[in-house]
Amino acid sequence: MDACDIADVLDGVRGRLETATGEGCGLPVAAAGYERMRQAWLAELAAHAAVLREACDGQ
Amino acid sequence: MASDDYGQASTVLLRLGEALSLLNPVKLVSVTRKAQRQLRTPPPGNPEELRALAEAFRWAAAAVRPVVSEVDALRPAELWSGIAASSATQVRAATAVAVRTTPRAFLAAATALDELADRIAEQRRRHDELRRALREAVRDATHIGSVPAPDPAALDDLMRAAAGLIRGCIEVYTDAMAAADEAAAVFADLAGRARAGAGVSGGLDPADAVVLAAQCVRIRGVGDDYDDGILTVAQLARLGRQLDAMPVLDRANVGTLVDKARSDTERAYLLKAVAAGHPAGELAAFATRIHGRDDGWLHDHLSLIDRGGSAEQDRFGFEVDQYDPYTCGTTSLIVARAEADPLYALGLTDGAPHGFDERLSAEQARVHDTTNLVYPEQWGTTPEGMADWMNQHSAVTGTSYAWHLVDDTGRRSVSRSLREVVTAVDAGHPVPILVGGVVPRHYVLAVGHSGDDLLIFEPTSGATVRVPAADFLDGKLRQRAGFDHVQAIVVPQAHAGGESGSMDHSPD
Chain A
82 MDACDIADVL DGVRGRLETA TGEGCGLPVA AAGYERMRQA WLAELAAHAA VLREACDGQ
Chain B
2 MASDDYGQAS TVLLRLGEAL SLLNPVKLVS VTRKAQRQLR TPPPGNPEEL RALAEAFRWA
62 AAAVRPVVSE VDALRPAELW SGIAASSATQ VRAATAVAVR TTPRAFLAAA TALDELADRI
122 AEQRRRHDEL RRALREAVRD ATHIGSVPAP DPAALDDLMR AAAGLIRGCI EVYTDAMAAA
182 DEAAAVFADL AGRARAGAGV SGGLDPADAV VLAAQCVRIR GVGDDYDDGI LTVAQLARLG
242 RQLDAMPVLD RANVGTLVDK ARSDTERAYL LKAVAAGHPA GELAAFATRI HGRDDGWLHD
302 HLSLIDRGGS AEQDRFGFEV DQYDPYTCGT TSLIVARAEA DPLYALGLTD GAPHGFDERL
362 SAEQARVHDT TNLVYPEQWG TTPEGMADWM NQHSAVTGTS YAWHLVDDTG RRSVSRSLRE
422 VVTAVDAGHP VPILVGGVVP RHYVLAVGHS GDDLLIFEPT SGATVRVPAA DFLDGKLRQR
482 AGFDHVQAIV VPQAHAGGES GSMDHSPD
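Same order as they appear, the protein sequences are chains A and B. Okay, so the first sequence: first residue is 82 according to the numbering used here, each after it adds one. Okay, so the second sequence: first residue is 2 according to the numbering used here, each after it adds one.
Check before you lean on any hint, since a few could be wrong.
[What the hints assert, rightly or not] The calculated label-pair distances, taken between Cβ atoms and stated as ranges, are: (1) B/D206 <-> A/A101: 24 to 32 Å; (2) A/R97 <-> B/G411: 39 to 47 Å; (3) B/S70 <-> A/A101: 38 to 46 Å; (4) B/I145 <-> A/A101: 54 to 62 Å; (5) A/T100 <-> B/R263: 42 to 50 Å; (6) B/R412 <-> A/R97: 36 to 44 Å; (7) A/T100 <-> B/R38: 35 to 43 Å; (8) B/R367 <-> A/A101: 29 to 37 Å; (9) B/R161 <-> A/A101: 47 to 55 Å; (10) A/T100 <-> B/D206: 26 to 34 Å; (11) B/A366 <-> A/R97: 55 to 63 Å; (12) A/A101 <-> B/R34: 40 to 48 Å; (13) B/D475 <-> A/T100: 25 to 33 Å.
Because the hints were derived from the structure by calculation, they are not lab data. Built from N, CA and C at the ideal position, the CB exists for glycine as well.
Bound conformation, chain A alone:
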């Protein structure tokens, strides 16, 4: 796999995870923390994919 392929995989995981985990999770006190965690990791996946995309564009 090259950097473009890896970025595509990570973007795909991010998209599917965002769709599949969109609902809250029970108690609001846990749901707020859950949503922060979910958003943080969607952003993290996006960051990883973006770095690889920069490399991909450099190829």
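Using the hints provided, position chain B relative to the given structure of chain A.
Same frame as chain A, but now just chain B:
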């Protein structure tokens, strides 16, 4: 799921407690009927929904795992051709580490969601049983056979049964909220591990964010069990915004300073100073002072503690500790500020190494004078004084603080407070904690959280110490914090959930 589930569960708990206190033979039937009405609200949460979320995270972990080795195999210089080869190597290495952590984080999220689902399913099962038993007990006491008439012979039985069943229901609802707090602590821990994403969300270039996120404080003898990033996750998020807010010329000058840095560690501390809000002139002088220094010098001079694990925290052979019995709070404040601001830390560490202890003591005396304008210094520092001092430095920390009492005889109060502490710490904000016995006696500073443990800085010994969350909840902190009970916390306002209060006693 209803947005006010938590409030409903709290209300049910309150009403059940009232019902229990009012339970007597005269009001038995009416009070029991009121309790029955409260029990129409089941413990909140949907186990099936939680398990579906867990499955989604488990799938994501499996989907990312195969690409970890592929990132390791990329050839950096050819790929990130726009930047120097050494930097390209750093970008590849940091990206590989970041991608490798992802499946572990997703599996941890899945486990937390499954455990919460199991707890809620069990709570609902117990709730159904108790509710049914209470209904049958009321029916027995209000019917003779199938005839609706009070049964005096059954009233004694109902009295005993109702008290036991209401107590059981109180336990179920208490457990429901404790389970939510525990899940929230895990989610906070995981959110704090998404460091590169925080940087990009704040406006950093992705490659810069990934490399900066990987830079940690490294003091010999201190591990990496807790997040000890040079920039906390809050600072990574703030850095891009601070750069954007700078005048164009200042931003260009900062860019020049960053380009001239000799190492990623030097660059990270320089950008930490940017995140702390220092103006361009101070940044230039700071950059000159630290330019070309090796990593050991930078870590020793630009932080007061290493948040990576349990260890004696010293600088140049001197412990970072309180200099008299009344400055535990003061010392916690100084460490909290130094963790946010490398220029402040340098102000204490720069100079003759043998003079560090003297400089730290002088700063402790100065800060104690500032926090105790009226209050006698030999009585320590009030939580209000602690919060006020933190708020005087909110431009550096990026947040404002408030304090509130913790009733650790009440499981709900202490569980909620623990959630506030770990959420703040995982977001990169240290939390002063007031502990004591019968009266408040001592401050420690929460600086880390991982899994079921907190990491606190204990200013009497000048050490970072691992504290199991269970000890915080159970009031058993004596061995690690000097006193058993949590009595107040000083938390960022975004994470505060309690009420402010007043103090009759102050700690040392």
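Status of each hint after checking the structure:
{"no.": "1", "hint": "B/D206 <-> A/A101: 24 to 32 Å", "in the structure": "holds, 29 Å"}
{"no.": "2", "hint": "A/R97 <-> B/G411: 39 to 47 Å", "in the structure": "holds, 43 Å"}
{"no.": "3", "hint": "B/S70 <-> A/A101: 38 to 46 Å", "in the structure": "violated, 25 Å"}
{"no.": "4", "hint": "B/I145 <-> A/A101: 54 to 62 Å", "in the structure": "holds, 57 Å"}
{"no.": "5", "hint": "A/T100 <-> B/R263: 42 to 50 Å", "in the structure": "holds, 45 Å"}
{"no.": "6", "hint": "B/R412 <-> A/R97: 36 to 44 Å", "in the structure": "holds, 39 Å"}
{"no.": "7", "hint": "A/T100 <-> B/R38: 35 to 43 Å", "in the structure": "holds, 40 Å"}
{"no.": "8", "hint": "B/R367 <-> A/A101: 29 to 37 Å", "in the structure": "violated, 54 Å"}
{"no.": "9", "hint": "B/R161 <-> A/A101: 47 to 55 Å", "in the structure": "holds, 49 Å"}
{"no.": "10", "hint": "A/T100 <-> B/D206: 26 to 34 Å", "in the structure": "holds, 28 Å"}
{"no.": "11", "hint": "B/A366 <-> A/R97: 55 to 63 Å", "in the structure": "holds, 58 Å"}
{"no.": "12", "hint": "A/A101 <-> B/R34: 40 to 48 Å", "in the structure": "holds, 44 Å"}
{"no.": "13", "hint": "B/D475 <-> A/T100: 25 to 33 Å", "in the structure": "violated, 41 Å"}
Of the numbered hints given earlier, the model fails hints 3, 8, 13; all others are met.
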